[in-house]
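**Student:** One letter stands for each residue in the lines below.
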Amino acid sequence: MFRTRTRSLVVSLCAAGLLAGCAGDGGGVQSQKLSTIIGRGKLICGVEGKLPGFSFVGPDGKYLGLDVDVCKAVAAAVLGDPEKVEYRDLNSSERFAALASGEVDLLSRNTTMTLSRDAAGGNGLSFAPTTFYDGQGVLVPVASGIKDLKGLAGKPICVESGTTTELNLADRMREQNIPYTPLKFQTSDQTFAAYLGDRCVAVTSDRSQLAGKRTSFPKPDAHTLLPVVMSKEPLTPATTNGDPAWADAVRWIVYGLMQAEESGITQANVDAKLAEAKANTNQADLRRFLGVEGDFGKQLGLPPDFVVKAVKAVGNYGEIFDRNVGPASALKLDRGLNRQWKDGGLIYSPPFR
Amino acid sequence: MAPVPPADPAPRPAPPPSPPWWRDRRIVPWVVQAVVGLLVLLLIAFLLGNLVRNLTAAGLLLSWRWLQQPAGFDISESVIPFNAQLPYWRALAAGLVNTIRAVLVGLVGATLLGTLVGMASFSHNGLLRRLARVYVEVVRNIPLLLQLVFWYFVVFLSFPNGVAAIQLPGVVLAKSGLYIAGFGEGLRWMGPTLVNGVWQAPVRLSVEFGALLTGLIVYSGAFIAEVVRGGIAAVPKGQWEAASSLGLSWFATLRRIVLPQSLRVIVPGLNTQYISLAKNSSLAVAVGYTDLYSVAETTLNQTGRAVEVILVLLAAYLTLDLLISALMNGLNHLVQIRER
Numbered sequence: 001m002f003r004t005r006t007r008s009l010v011v012s013l014c015a016a017g018l019l020a021g022c023a024g025d026g027g028g029v030q031s032q033k034l035s036t037i038i039g040r041g042k043l044i045c046g047v048e049g050k051l052p053g054f055s056f057v058g059p060d061g062k063y064l065g066l067d068v069d070v071c072k073a074v075a076a077a078v079l080g081d082p083e084k085v086e087y088r089d090l091n092s093s094e095r096f097a098a099l100a101s102g103e104v105d106l107l108s109r110n111t112t113m114t115l116s117r118d119a120a121g122g123n124g125l126s127f128a129p130t131t132f133y134d135g136q137g138v139l140v141p142v143a144s145g146i147k148d149l150k151g152l153a154g155k156p157i158c159v160e161s162g163t164t165t166e167l168n169l170a171d172r173m174r175e176q177n178i179p180y181t182p183l184k185f186q187t188s189d190q191t192f193a194a195y196l197g198d199r200c201v202a203v204t205s206d207r208s209q210l211a212g213k214r215t216s217f218p219k220p221d222a223h224t225l226l227p228v229v230m231s232k233e234p235l236t237p238a239t240t241n242g243d244p245a246w247a248d249a250v251r252w253i254v255y256g257l258m259q260a261e262e263s264g265i266t267q268a269n270v271d272a273k274l275a276e277a278k279a280n281t282n283q284a285d286l287r288r289f290l291g292v293e294g295d296f297g298k299q300l301g302l303p304p305d306f307v308v309k310a311v312k313a314v315g316n317y318g319e320i321f322d323r324n325v326g327p328a329s330a331l332k333l334d335r336g337l338n339r340q341w342k343d344g345g346l347i348y349s350p351p352f353r
Numbered sequence: 354m355a356p357v358p359p360a361d362p363a364p365r366p367a368p369p370p371s372p373p374w375w376r377d378r379r380i381v382p383w384v385v386q387a388v389v390g391l392l393v394l395l396l397i398a399f400l401l402g403n404l405v406r407n408l409t410a411a412g413l414l415l416s417w418r419w420l421q422q423p424a425g426f427d428i429s430e431s432v433i434p435f436n437a438q439l440p441y442w443r444a445l446a447a448g449l450v451n452t453i454r455a456v457l458v459g460l461v462g463a464t465l466l467g468t469l470v471g472m473a474s475f476s477h478n479g480l481l482r483r484l485a486r487v488y489v490e491v492v493r494n495i496p497l498l499l500q501l502v503f504w505y506f507v508v509f510l511s512f513p514n515g516v517a518a519i520q521l522p523g524v525v526l527a528k529s530g531l532y533i534a535g536f537g538e539g540l541r542w543m544g545p546t547l548v549n550g551v552w553q554a555p556v557r558l559s560v561e562f563g564a565l566l567t568g569l570i571v572y573s574g575a576f577i578a579e580v581v582r583g584g585i586a587a588v589p590k591g592q593w594e595a596a597s598s599l600g601l602s603w604f605a606t607l608r609r610i611v612l613p614q615s616l617r618v619i620v621p622g623l624n625t626q627y628i629s630l631a632k633n634s635s636l637a638v639a640v641g642y643t644d645l646y647s648v649a650e651t652t653l654n655q656t657g658r659a660v661e662v663i664l665v666l667l668a669a670y671l672t673l674d675l676l677i678s679a680l681m682n683g684l685n686h687l688v689q690i691r692e693r
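So the protein sequences, as listed, match chains A and B.
With our numbering applied, the first sequence covers 1 to 353.
With our numbering applied, the second sequence covers 354 to 693.
Accuracy of the hints is not assured; some may be wrong.
[Claimed, not checked] Simulated DEER-style distance windows between Cβ atoms: (1) B:Leu558 to A:Val57: 51 to 61 Å; (2) B:Phe399 to A:Lys42: 53 to 63 Å; (3) B:Ile397 to A:Val57: 38 to 48 Å; (4) B:Leu396 to A:Ala268: 53 to 63 Å; (5) A:Ala120 to B:Arg379: 29 to 39 Å; (6) A:Ala328 to B:Leu558: 32 to 42 Å; (7) B:Leu404 to A:Glu83: 51 to 61 Å; (8) A:Glu103 to B:Thr409: 56 to 66 Å; (9) B:Pro555 to A:Lys62: 37 to 47 Å; (10) B:Gln438 to A:Gly294: 52 to 62 Å.
Read the hints as simulated data drawn from the structure, not as lab findings.
Every residue, glycine too, gets a C-beta built ideally from N, C-alpha and C.
Put together the whole structure using the sequences plus the hints.
**Tutor:** Pasting the structure below:
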């Protein structure tokens with residue numbers, strides 16, 4: 001008796017909810033997440049939080065980095081203000097649960113895109129375009145004299161638990177039949193503390209992360225990256241499978257940053273470009289891209305000029321890269337695979353049409 | 354005294370009219386119990402229904418097939434053989450065995466330490482008594498996680514490595530662990546040897562295990578010391594005085610007279626401490642020891658099967674704790690006073 005009544009109550013509530021959902025149809029995009037974020041007035045972004053170059057807290061207490069700039073670009077595009085972001089530091093084991101439970105809206109936390117993380121039967125994530133093509137590397141003290149993976153035979157290697165790094169390490173060592181001892185830690189801080197405490201002769205992670213962490217070592221020059229690249233690590237922002245419209249919005253905001261670089265639109269000249277597009281009706285591509293004509297923004301549930309807002313906030317992809325991890329930063333990483341496709345890299349935005 | 358003549362039986366009062374059922378002492382408690390029970394059942398049904406509904410909506414019905422898939426990750430130290438090609442359930446089993454190993458050794462160590470410190474707080478030696486107090490007060494007022502991190506990163510990782518390791522006959526203490534001589538391959542007696550900059554020996558205990566064990570023993574030892582102290586204090590003073598008038602020494606009094614009597618007060622308290630120790634062992638993940646929780650965390654990350662992995666964890670720790678509790682209840686039964 002009680003049970004049937006409860007169930008019928010639930011069913012009728014669902015039906016009511018469904019109807020409400022249907023009633024809103026036709027007015028553009030239905031994204032629960034997007035309306036939640038707009039209602040809340042800020043974006044909650046999951047980041048690593050302690051990784052120089054990608055997401056870390058600067059001297060003035062503000063979050064900085066490539067991953068952080070993606071959060072800012074999304075906040076600027078959706079809410080019109082890059083500072084309306086609340087950052088949550090997540091470790092590698094918490095990140096997917098935090099995203100799945102809705103605790104964070106967007107995961108921009110140097111996360112490798114893989115099949116099992118993407119698949120509905122796996123972690124059920126929905127990946128945006130890759131913002132950093134990385135590979136797994138190994139950092140060793142120069143004094144150890146180790147030159148390749150063979151030199152690590154029988155030795156302890158520090159690794160963060162629950163990462164693809166951990167699996168790749170197991171695979172590569174098994175392939176080459178090199179015995180080793182993995183020492184796993186829950187956070188990157190503990191992992192690197194154990195490495196610096198000399199407990200391991202090597203630490204393995206994404207090459208960019210190793211380069212970033214090395215800048216905060218007491219003696220950065222005493223450590224060197226082995227030339228080996230153990231895996232492909234496309235670091236990619238992610239949302240959940242649950243809200244395709246929100247995933248689309250994030251995807252095209254990130255593509256917008258990449259297309260802006262390709263079209264030569266920078267933080268400095270975006271206003272001039274916008275004025276040029278408004279004045280010149282022949283520049284159809286530019287007009288569509290910057291939201292002067294067409295309804296791309298509306299199709300995504302975003303303001304028409306979302307690209308302008310994003311670029312004005314953080315600059316185009318190239319500017320973000322240079323500022324955070326490129327030559328202008330402490331990491332001094334080469335663009336490498338992260339060049340535009342026209343320059344032989346992998347950064348490629350599909351057309352805005 | 355003359356027997357009192359039996360009084361005339363008073364006229365029986367007419368039986369009071371039976372109260373309506375909602376005021377009946379025999380019925381009301383049952384109704385209340387039934388309603389509360391029903392509410393609890395409803396809540397559980399709602400929560401389970403909610404879980405199943407949401408998992409179905411996400412296309413993630415409970416499934417256990419992942420247990421058979423190859424784990425793909427390695428475990429640094431395992432009592433039962435394990436490699437990356439073995440299935441997840443083997444990895445979880447290896448983690449469970451590691452947890453049990455830490456808990457068992459921890460229980461014995463903490464009991465010994467706790468008993469000694471508990472006894473020391475009744476010593477005639479003032480220095481020993483105060484040391485015991487200081488140890489208990491310092492240790493139980495600092496979070497265990499902090500202590501584990503201290504033991505691992507500050508103490509154990511400060512040991513010298515390689516050739517510089519502390520070498521005693523048959524035993525080597527290095528940054529990577531404790532190496533003890535034993536029977537190696539082909540049952541040949543082997544001492545610790547340095548091969549290619551890495552120590553090797555038949556018996557090896559990692560510093561991660563050492564740090565976890567030290568942390569657990571020192572922490573639980575402080576609480577057990579208090580339980581033991583309470584137990585000893587519960588034995589009447591007369592027992593001490595009687596023993597010393599018989600000429601028994603302080604230690605003999607404690608061992609033969611006081612401790613046996615205090616056991617029945619100590620054992621129930623120990624039960625709680627033992628269970629805490631078993632649960633606290635899951636903090637191993639902070640010092641890089643691959644216990645059940647650590648393996649489960651990696652498994653959860655690789656498979657995305659959060660609910661199932663957490664269920665496995667819950668079941669494992671619950672079983673472990675219930676087992677400890679059952680054993681301790683048995684022991685408690687043995688040491689209780691048999692009243693006839």
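**Student:** Against this structure, judge whether each hint is valid.
**Tutor:** Evaluated hints:
1. B:Leu558 to A:Val57: 51 to 61 Å: Violated: the Cβ-Cβ distance is about 38 Å, outside 51 to 61 Å.
2. B:Phe399 to A:Lys42: 53 to 63 Å: Between Phe399 (chain B) and Lys42 (chain A), where Cβ atoms are some 32 Å apart, the hint is violated.
3. B:Ile397 to A:Val57: 38 to 48 Å: Between Ile397 (chain B) and Val57 (chain A), where Cβ atoms are some 43 Å apart, the hint holds.
4. B:Leu396 to A:Ala268: 53 to 63 Å: Between Leu396 (chain B) and Ala268 (chain A), where Cβ atoms are some 60 Å apart, the hint holds.
5. A:Ala120 to B:Arg379: 29 to 39 Å: violated, 57 Å
6. A:Ala328 to B:Leu558: 32 to 42 Å: 49 Å Cβ-Cβ, so the 32 to 42 Å window is violated.
7. B:Leu404 to A:Glu83: 51 to 61 Å: violated, 38 Å
8. A:Glu103 to B:Thr409: 56 to 66 Å: violated, 22 Å
9. B:Pro555 to A:Lys62: 37 to 47 Å: violated, 55 Å
10. B:Gln438 to A:Gly294: 52 to 62 Å: Since Gln438 (chain B) and Gly294 (chain A) have Cβ atoms about 54 Å apart, the given range 52 to 62 Å holds.
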